[in-house]
Each structure stands twice: as C-alpha cells, then as structure tokens.
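Build the complex: two chains, separate frames, hints provided.
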Amino acid sequence: MNIYLLSPEISLLALALVVILLDLFMDRKWLLGVVSVVGLIVPAAFTVALWGTNQTAFGGALVVDQFSLFFKLFFLVVVALVILSSTDYAHKFAAFRGEYYAILLLATTGMMLMASTRELISIYVALELTGISLYVLTGFLKDDKSSEAGLKYLLLGAVASAVLLYGMALVFGLTGTTHLREIATAISAEGLLSSPALLMGIVLLVAGFGFKIAAVPFQMWVPDVYEGAPTPVTAYLSVASKAAGFAVILRVFYEALGPASLDWGMIFAVIAAITMTVGNVVAIAQSNIKRMLGYSSIAQAGYLMIGLAAASTTGSSALVFFLVCYAFTNLGAFIAIIAISNKIDSDQIADYSGMARRAPLLSLALALCLISLAGIPPTAGFMAKLYIFSAGIDSGLVWLVIIAVINTVIAAYYYLRVVRVIYLGAPLSEERVPSSGALRAALSFACLGVLALGIYPWMVLRIAEVAASMLLP
Amino acid sequence: MLGNFGYIGIFLLAAIGFAASTILIPVTLRFLGVVPRKPNPTKYTTYECGMETVGKSWVRFNFRYYFFALLFVVFDIQVVFLYPWAVHFNQLRLFGLVEMLAFVLILLVGFVYAWRKGVLQWK
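Chains as they are written, first to last, in the working numbering: chain A, 4 to 476; chain B, 15 to 137.
Next comes chain B alone, as it looks inside the complex (with noise of 0.2 Å):
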C-alpha cells in the first residue's frame, strides 16, 4: 500500500515541474532577448475572449443572484442523486423508491421554505 504512494509522488513533481517550467519559460526567453517588449496600452488591458472589455470589474451583482444560486445547488444536488437512482431502479425496487421519496421530501422542505420566504419572487 506504502508504494502506491510513489504515484502520487510522480504527480506531484509533475505538477510542481509544470507549473514552474510555464512561469520560467518566458522568463528565460525575455532573458535571452528572444521575446521581444514593445508595451502599448491595448496589451496592456484585461484579456476577455477577444472582446472588447466593457467598463470595471468591479460591479454590483443583484443579490437575488445569491438565492438563485443556492437553489440551482438543491436542485442539482437533487438530480445528482436521482439520475443512478433511475438507472437502476429495476434493482432497488421498493426499498429504493422509499428511500427516494424522503430524500425529496426532506428537499422539498427546503423549497418550502424558500418559496414562503419570497424567494421565488423576483420584486
């Protein structure tokens, strides 16, 4: 068990090994003169998928975001869960369908809640 260990030695030096060749590679190629410096103010900006960048980055987000969010994470908790459910349902059988159902209840309070608390509404 001691030597399974190794491997995960190898990929740590692989990973130390990557990312310090990426940061040293254009070091060592500005050292060598092989790059060339001309700054201007375009390079200079923050890369964004080819676009043009568009105002700050620092701007307010909605905080209703935050609730959608946290929903988004039950619901996909949820279907995690009930999709190997389904694909094997033939073996689980009734005690799996019990089981399903106050897993989703237990979930179901929790959207309960969120709708009596307003959350669902978008005021």
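Excised from the complex, chain A in its bound form (with noise of 0.2 Å):
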C-alpha cells in the first residue's frame, strides 16, 4: 500500500496539528493565520504532484483519481482565501483563534477525504469529520445568534446523517458490499433495479446528501445558521461544504448507483425545480443580505442539481465547472461583506445604502460578484449556467431548463437591488471602510477568478472534464 497516496491528507492534520500546539506555546497570535495559509502550500504541492495517478488504497477504499484531486485543491483553496480573509474578523473571538484555524483545517482534510473515498462506511466517516467541526465553527462567536445556529446545525445535521446511515444500511442490505463499484455491479447482477427496497434506499440517501448542499426540503437550517454563523464560516459553509456534498453525490450515484440513473435523475430533477423556485422567491423578502445570500445559495444547489438530473458526463463536468465559478462569486461576495459589516456592525441590506462612495472598491468587488450569481455576462456566473442548462437540454430536461431560466430572471430582481442600494442609496456616513492587506488579497483573487472564468472558461472547463470523466467506468 502507497502510503504517498494520502500525502494531502496527512500534511494538512500535521498543519493542523502543528497549529494547535504553537497556539498553545507562542504568545505573537498573528502568525497563527500566516502559518496557517502558507502551510496549505504542502498539501497544495503534494495535490498537484499527485494529478495523473489513478490508484487506489486501503482495499480499494480510498482513491487518488483526478476527480478527487481536482476537489482538493478546490478545497484547499477555498480554504486559503477564507483564513486570509478570517484575519478582519478574527478579534471577534480572539481568545480561540488557535483552534479557529485549526479546525478550519481539520474541515478541509475531512471534506478531501469525502471527495476521495469510495467505500461506504469511509465517506461516512469523513462527512462526521467535515460536519464535526463545522458545528462547533458555527457556533464560534459564542453569542445567543450563533450558538442557536450551532445547536440548531447540530441537531439537524445529526437527523440528517441517521438519514442517510439509514439508506446506506439498506443499500448494504440489499447488495452486501459496501465499496461503491461493487454495488453498482451488484445491483445489474442480482436485477435489483425494479425493488423498492432499493428506491427507498436512494431516496434516503439523496435526503441524507441533500441536507449537506442544502437542497429543498433539507435547506430548513441555511437561513438561521448563515445568519448566525461567523461570516467567514458562512462563506465557508456555503462553498466547501456545498462542493464537498455534490463530489460525494457525484461519486456515489454515478459510481454505486450508475444502473438505477433513471430513478434518482428523476428524482433529483423534480428536487432541483423546487430548490431553485423555494430559494429565488423567498430570497426576494429577505432585508439581512447574509440571509439573502443564504436563500441565494440554495437556488445555486438547485441550478447545481440539473448537473445531477441530466445523469451524463456533460451533466457531471458542467456541474464540476459551475461548482468552482460558484465558489469565486461567492466567496467574493462574502470576503466584500466581511470587510463592510466590520465596519458598520450590521447585516441589514438597508445599511449598506451608498456604501459605493464610501468604499468604492469593496462595492465594486460586491457589485461585480452579486452580477455574476445573477448570471450577468461576461462573468463566471454566466458562463456556469450556460454551460449547465445546455448539459440539462442535452438530456431532454427542456422543462427543467425553461423554470430555471424563469427563475434565473427572479433572481436577477432581488441581486440587481442589492447593487442599486450601494450604488444609488444616500450614504449614512462619511467615514471610509477600512480593510486589511489579506482580506484585500483574498477579494482580488477571487474578482479576478470570476472575470477570468467569465472570459476566457476553456482551461478550467477542460480540467473539469477530465475531472468528470473519472466517474464512469
């Protein structure tokens, strides 16, 4: 066994690891999110050193493919640009930024393992990893907001995983393996396609997985916990946690379940309508804009799941390009909201009026990220969904696309407001809004990924189809 084949993994706990114990032993704290961002250099290398392997270890349960490396490096940087621009919000809870950042690592090696196992009983594992420490992230700041949203996460998230526990146990059941290739083969073998059992055992898993990208009727907690959460753990939450969710959905289904496609593409289309229109609509209502992104998000994982429902590579390598475009937008988003709320100490939509002439940069950076999730060219936003609705009508889900276009139209009303507002509303004060050279790194980054995606995609599209065309034998 090549124990080189979990070097991402590794390096990171030991970053991690490493974290933790100078937190304990070193009073300057500020190192702490440098040691944390420039370590993630390691398991950056060894990722990229890695790309080209196509291996298996731990008895076929852990794999080292494209897929699972495209995912973490995706992972790793998501995570880099949330600690850079961690180190604005940070004072909140200055006494536990040792443990801050380390779990914040810890959340990434679990969602690199999800992205990388095919087994089961090991992508539970590495889910508890990943939801573990994202409770006790949300529920960070330690105030009544965000403890609610930690135990309410928590409770829910522990309903969810019975759930999905649940499904794997019948599929177990059904096909007495739990290594995902084998199931697949188990299920034409024993002609299990037209048993319940195995429908049952889909349909608990999807709302088992549905409940990690927030799907509709799973999406009851986003709100609440987006809201109360540390921002950057929101804007955590709503890339990696989402990403990771649709790699193992992506891997289980069309890997384990690739024979029964026709039911869960169905299934997933029929969820995918409702997300999006649930998502849109109330969004528009919303007057809290970390509430608004939150609604916002769940009509992402709708657009995200037509990738799903068209149950093709097209579908898959569409949906992998939309999740990294996804990622740049929203995290821009996020990293512009963190920088402004630590200045004027609130959420509300209505207190962002005029902010364009006291930060101009920090709203154009909004302003061109909240255009790019309306799906306005030439941003990445726009791209991603073109490349995802011609995947949808590939697969003759012409219905499905026309109420996602209907619905991309909704969602253009309630993102273009929020521009309106900073650009038009009557500033509330003079005073500028100030902002630190990392999180101003980490915006730049992100502004410029969705420009570059928006322009020139080919490069990163062709990734995603390499990426993609691991998951079928």
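Derived from the structure by calculation, the hints contain no laboratory data. It should be emphasised that the depicted structure is a prediction, and the values quoted were computed from it without experimental measurement. One or more hints might be untrue.
Restricting the straight-line Cα-Cα distance to at most 27 Å, the calculated cross-link-like pairs of lysine-lysine (BS3-like) are [said to hold, decoys possible]:
id, chain 1, residue 1, chain 2, residue 2
1, A, Lys-346, A, Lys-32
2, A, Lys-346, A, Lys-145
3, A, Lys-95, B, Lys-131
4, B, Lys-131, A, Lys-32
5, B, Lys-57, B, Lys-70
6, A, Lys-145, B, Lys-131
7, A, Lys-95, A, Lys-32
8, A, Lys-95, A, Lys-346
9, B, Lys-70, B, Lys-52
Structure representation (structure tokens):
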C-alpha cells in the first residue's frame, strides 16, 4: 500500500496539529493565520504532484484520481481564501484564534477525504469529520445567535446523518457490499433495479446528502445557520461544504447507483426545480444580506442539481465547472461583506446604502460578484449557467431548463436590488471602510477568478471535463 | 440478500411485542382486579436501589466533571485501539508500530492542549 497517496491529507492534518501547538506555546497570535495559509502550500504541492495518478489504497476504500485531486485542490484554495479573509474577523474570538484555524483545517481534511473515498463507511466517517468541525465553527462567536445556529445545525445534521445511515444500510443490505463499484455490479447482477427497497435506499441517500447541499426540503437550517455563524464560516459553509456534498453525491450516484440513474435522475430533477424556485422566491423578501445569500445559495444548489438530473458526463463536468465559478463568486461576495459589516456592524441591506462612496473598491467587488450570481455576462456565473443549462437540454430536460431560466430572471431582481442600494442610495455616513491587506488580496483573487472564468473559461472547463470523466467506469 | 431482512423483521416484531406486552400486562391485571391498589407516600417516592432517597434530583453538578469526562473518552478510545494492536503486534511489525505512534502523537496533542488550557488543575 502506498502511503504517498494520502500525503495531502496527512500533511494538512499535521498542519492543523502544528497550529494547535503553536497557539499553546507562542504569544504572537497573528502568526497563526500566516502559518495556516503558508502551510497550505505543502498539501497543495502534494496534490498537484499526484495529478495524473489513478490508484486505490486501503482495499479500494481510498481512490486517488483526477476527480478527487481536483476537488482536493479546490478545497485547499477555498480554505486559503477563507483564512485570509478571517484576519479582519478574528478579533471577535481573539481568545480562540488557534482553535479556529485548526478546526477550519480539520474540516478541510474531512472534505478532501470525502472527495476521495469510494466506500460507504469511509464516506460516512469523512462526512462526520467535516460535519462536527463545522458545527463547532458555527457556534464560534458564542453569542445568542451563533450558539442557536450551532445547536440547530448540530441537531438537524445529526438527523440527516441518521437518515443517510439508514439509506446506506438499505443499500448494503440489498447488495452485501459497501464498495461503490461492487454495489453497481451487484445491482445489475441481481436485478435489483425494480426493487422498492433499493428505491427507498436511494431516497434516503438523497435526503441525507440533500442536507449537506441544502436542497429543498432539507434547507430549513440554511438561513438561521448562515445568519448566526461567523461570516467567514458562512462563506466556507456555502462554498466548500456544498462542494464536498456534490463531490460525494457524484461519486455515490454515478459509481454505485449508475444502473438506477433513471430513478435518481428524476428525483434530482424534481428537487432541483423546487429548490431553485423556493430559494429565489424567498430570497426576495430578505432584508439581511447574509440571509439573502443563504437563500441564494439554496437556489444555486438547485441550478447545480440540473447537472445531477442530467445523469451524463456532460452534466457532471458542467456541475464541476459550475462549482468552481460559484466558489469564486460566493467567496468574493462574502469577503466583501466581511469587510463592510466589520465597519458598520450590521448585516442589514438597508445599511449598505451608498456604500459605493464609502468603499468604492469593495462595493465594485461586491457588485461584480452579485452580477455573477445573477448570471449576467461577462462573469463566471453566466458561463456556469450556460454550460449547466446546455447539459440539461442535452439530456432532454427542457422543462427543467425553462424553469431555471425563469428563476434566473427572478433572481436578477434581488441581486440587482442590492447593487442599486449600494450605488444609488444615500450614504448613511462619510466614514471610509478599512480592510486589511490579506482580505484585499483574497478579494482581488476571487474577483479575478470571476472575470477570468467569465471571459476565458476553456482551461478550467477542460480540467473539469477530465475530472468528471473519471467517474464512469 | 433480501431474505436476510426477514430476520430483522422477526427481531423487530419481537421487540415491539415485548414492549407492548410489558406495558399491557399490568394494565390488564389492574383491569381484571387482580392487582390491589393501595397507594401510600412511600410507594410514590423515587426508587433508588433500595436506598432512601436524599434530596432532589435537580442538583447542580460541578462543571469540571465535564472536562474529565471528555478526557476520559480520549483515554478510552486510545485503550480500545491499543489493545488489539498489542495482541497482533508480532504480525503488524514496524508498520504497525509507526502507525500506532502516529495515532498516539495525534492524541497527545489533545492532552497537551488540555494541559496548557489548565483543565488538569482542580482549582
């Protein structure tokens, strides 16, 4: 067995432990963030060095292929941006800075494992490592709202895990194996396609994973948790946690339940339609920007699920590409919000009035990201929607794409409303909004990504295609 | 494989039947008049292994027990994994030793954390 295959995860875990120990024995706490970000270079380098391998370890439970490596690099970049943007926020939990960075890194380790397991029990363990870290991070502010959010996330997350385990138990009971590839063979060999028990298992799996990606009707936790959690954690939840959920769903449903794709394709199509509609319609009524982005992320999960409903390689590669675009866009929006709400100490959209005059660059970045979320060219959001919609049409889901296009129009209303408040509203004061160099670096990186993917998407698209092509045998 | 669910079904029925009958037997006997009903204050007190009950059950526990419980869990897990490792030490050889060292080191960070945060002091 080749331990080198696990090197990105091992080095990331070691980094988290180093951060904990540094926090205990060192007084210069500002170094912790620096160490966390710089240290991420090591797992990232291992991940890049492994690119091109296609091997399994631990009896087939761990698989290192371009799909998992792509997601590993994705999670590392996201966590680096989140840590950079946390530097302006960390003063709110100054006594627990070391724990904060360490737990962020541990959550990332869990996500990286989620992307590279091919066995139900390992998937569950990785999912719990991620989940428990995120429950702690959600309650990190220790005020009323944050604690409530943490508790709510923990309780609903526990229920979702239980449902997921039921689903896994049913699939295991029917096929007699927890390895995804063997499940697929057993389903075809034993003619289980018409079995209602398998359908039940699929439905329970969709419910369990649907919680992770915040699909309707498992989205109840999203607005409260997003509002209560520290803003960098909200950004992390809305991007990395969702992406990890989609990575696992792609792996499980394409590799294990591929033969039953007619069943789950339809389930995902219906959920996608409901999710995007509910997310967008409810987002219109929000006055808190974190809540609004929470509902917007529910709607985006709906668009993403078109890629699942398509149940084709085009669909999965469009989904992976969409995830990258969505990550840059949403992270950019949240990083701008961190800087602004740090100054004005409010998340109300009304308080953002005239922000363009107080913080021209931050406002420009926020506006760019909101335009990208709405899907207007020349931004990443437009390209992402274009590809995922055409994947849907390729698979004959014209009705779903029509619903999605109508939704895009609805969504443009509430995204552009914020842009209007920022640019045309009267400023509430003349004070400038300060931001640290780290945060500005993270924000410019995200905005450059949004523009670059909107103008020249081919390279990332090609990599996404390579990654997605790993999924089908 | 599907047939194996039948066994689970039998267990399920037995479990439901057991729970239902243990609840229903006293109710039925009471209904038939077999069980006399003679309440007195002693009968209504909380049963505590034959001891006389002392005070209320809503007492406050010292919060520090919580830390000790957490540390205990960590030690517990460590022993749970160390025991089978020790039994198979000869087959696992160097790889097993290195792996166990890595495991203990990770847990050690947890203990160092608890120690530096002052959890081990009973103030």
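*Which numbered hints does this structure break?*
none
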